[in-house]
Amino acid sequence: MKYLRWRSVVLGAAAFLAAHAVLVAKWATWFGGQWQPWFLNDSGRAVALTAATLFAAALAAGLLWALDRADAIVHGINVAAGAAAAMTGVLVAVGPGTIFPIVIVAGLVIALASTVAAAVLVAAFKPRSTRSV
Amino acid sequence: MTTILRRMLWLASVAAVLWLAIWRPQAAATLRPQAAATPQPQAATIRQTRTNAPVRTAPAGHRVGATPGQKGATDYWLESQTTRLTARYDDATVAVGQRGTDGNFETKLTDRGGVEVGRFTVSRVGLDGPGGETVLHYAPQAGDSLHVFGDQSVRPTLAWANAQAYTLLKDGAADVASLEWQNGIIRRRGTARRDVTRQPTELHTEWAGGLSARTLRKSAVNLKWGNRVLNGDVLGSRLMRDGVQIGAANWFVKDQVLLWDIPGVTSGSLTAAELTSFGGWPFTPDAEWLNLQTIAFYHFKTAIDKQGSVARRQPGPSSPNRVLDFFVAPVLAEAGCDGLHWLDGTVLRFCCDVHDLCYEKYGCDMRSWWRWWSSWTCTSCNVGAVRCFSGGGHNPSYRFI
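Protein chains in written order, with the working numbering: chain A, 100 to 232; chain B, 442 to 842.
Source of the hints: derived by calculation from the structure; they are not laboratory data. Errors might be hidden in some of the hints.
[Stated by the list, open to error] Below, a sample of chain B positions facing chain A; criterion: calculated Cβ distance under 10 angstroms:
id : residue
1  : GLU621
2  : TRP622
3  : CYS778
4  : HIS782
5  : LEU784
6  : CYS792
7  : CYS793
8  : HIS796
9  : TYR800
10 : TYR803
11 : CYS805
12 : MET807
13 : TRP814
14 : TRP817
[Claimed, not checked] Here's a subset of chain A near chain B, in silico, CB distances under 7 angstroms, partners left out:
id : residue
15 : TRP134
16 : LEU139
17 : ASN140
18 : VAL146
19 : THR187
20 : GLY196
21 : ILE198
22 : PRO200
23 : ILE201
24 : VAL202
[Stated by the list, open to error] Computed beta-carbon distance windows for the label pairs:
id : chain 1 : residue 1 : chain 2 : residue 2 : range
25 : A       : VAL123    : B       : LYS665    : 33 to 41 angstroms
26 : B       : SER521    : A       : VAL123    : 48 to 56 angstroms
27 : A       : LEU207    : B       : ASP552    : 50 to 58 angstroms
28 : A       : THR128    : B       : GLN697    : 39 to 47 angstroms
29 : A       : PRO226    : B       : GLY651    : 51 to 59 angstroms
A virtual CB, placed ideally from N, CA and C, is assigned to each residue, including glycine.
Please model the entire structure based on the sequences and the hints provided.
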């Protein structure tokens, strides 16, 4: 449990749900309105919006709560974990489809890529780790 | 409404492509019996017949113009863009036909060891198409060469050149007196009639712009398609662009069904029942046609898309909440990648379509992902999808279907 950062997990889930809310509200006008509102069902804008939201969430989590470089990375991964949990819940709600495990993995990769990128950016401005996390 | 009109426009364009592929001017069709009766009529005679032909009334109430077995201008245009055509036969002979910049053809025949066993050239003289003159030259590695005029009723294509070269190799080219025209092919007199265009086990059409299509002969066993079960011989064509597979089409010979799927471009089916106004399929599809038709689907659809006159895909059915479905409902299968339509325009769509087809065939549902022991075939479908995705979609697994 020493790698668990509850605040980041919740922030990640909230960020994903916020992005999804925007998708649902503007699906027809901003995102083409094809298929069901879901960030991986769009030609790319929805993916970009969701990735950008998670990037911002991880950036905020790292800047606000990370103690050092390693902790920033851990916060970033926790944001992705929270987003993945919310993502799975939303996928169940909208209809999982025949390849849902692959969809979850694809979503997780996108979430991790964006949050870890933000965490690495934050880590550059944090002091070196002086303790084990 | 706009979407419906656009979809109708697309369907009309597909029908037009099919129709143009089988249509040819009535004047040319009128000449055919005469050409058949006289193997090599003079061009002047044909032109005279055209000039003096009476004006005929077309019968009202039904479509006219289809001439079974004959191809039209669109098909010939598509064929003219083929740069190389490779036919492999079941005796391991390979015929590679290439089109020169002057419009002439050359087919090289090799045996199973890759050794050249013959060469066949088609040189065009004068008019293009029926009425023009062609000179055929066949030079086997062993035996005498052959130098003859083509038949006025035969419009040479690369597929024809390959078929003719292979036939001369198998029949054994002899002196001109021992040869005769049989169904548009020069054969040794007295040999049993056979449809030489149906013989290649594999036909690879290399087209302009990096497009190519490869048709293989396969067989289907109880393949479920909607309410039908498809069986028997299948011509399966894979469409490639710059070496990457971008689509496929299958022609089920016995059931007279054409299925095609070019992800992000077009997918659909055509049956004889849908062509009743044409009297069913007015020609017998073969490997050459399937390759060109598959290329045409891509070429014409993308060309139309670039002009902005055709709609994108229809939106799928919306469902507010499928929580219950997750546990109790059967498969939620949409066209493309369910929940991952972002990738529909990529090669990965194949993984999804093959997976959906596999699910449909074996009656699988999403529970097979976690109840993997309940059905090994369904588990194979899922493993195939994972392998396909992890392999970048370049090698979609078809063996499960």
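Each hint, compared with the structure:
1. GLU621: violated, 57 angstroms
2. TRP622: violated, 54 angstroms
3. CYS778: holds, 7 angstroms
4. HIS782: Where the cut-off is 10 angstroms and the nearest Cβ of chain A is about 4 angstroms from HIS782 of chain B, the hint holds.
5. LEU784: holds, 8 angstroms
6. CYS792: Holds. Min distance 8 angstroms.
7. CYS793: Nearest chain A Cβ about 6 angstroms off; hint holds.
8. HIS796: Holds - the Cβ of HIS796 of chain B comes within 10 angstroms of chain A, reaching about 6 angstroms at its closest.
9. TYR800: holds, 6 angstroms
10. TYR803: violated, 12 angstroms
11. CYS805: Hint holds; CYS805 of chain B Cβ to chain A Cβ min 8 angstroms, cut 10 angstroms.
12. MET807: Since the shortest Cβ distance to chain A is 6 angstroms, the answer is holds.
13. TRP814: violated, 16 angstroms
14. TRP817: violated, 17 angstroms
15. TRP134: OK, holds: TRP134 of chain A within 7 angstroms of chain B, min 5 angstroms.
16. LEU139: holds, 5 angstroms
17. ASN140: holds, 4 angstroms
18. VAL146: holds, 6 angstroms
19. THR187: Result: violated, 11 angstroms to nearest chain B Cβ.
20. GLY196: Holds, because the Cβ-Cβ distance from GLY196 of chain A to chain B comes to roughly 3 angstroms (cut-off 7 angstroms).
21. ILE198: holds, 6 angstroms
22. PRO200: holds, 6 angstroms
23. ILE201: For ILE201 of chain A, the interface hint holds, since the closest Cβ of chain B sits about 6 angstroms away, which is under 7 angstroms.
24. VAL202: Check passed: Cβ of VAL202 of chain A comes within 4 angstroms of chain B, closer than 7 angstroms.
25. A:VAL123 x B:LYS665: 33 to 41 angstroms: holds, 36 angstroms
26. B:SER521 x A:VAL123: 48 to 56 angstroms: At roughly 51 angstroms between Cβ atoms, VAL123 of chain A and SER521 of chain B fall inside 48 to 56 angstroms, so the hint holds.
27. A:LEU207 x B:ASP552: 50 to 58 angstroms: holds, 54 angstroms
28. A:THR128 x B:GLN697: 39 to 47 angstroms: For THR128 of chain A and GLN697 of chain B the Cβ distance comes to about 45 angstroms; the hint holds.
29. A:PRO226 x B:GLY651: 51 to 59 angstroms: holds, 54 angstroms
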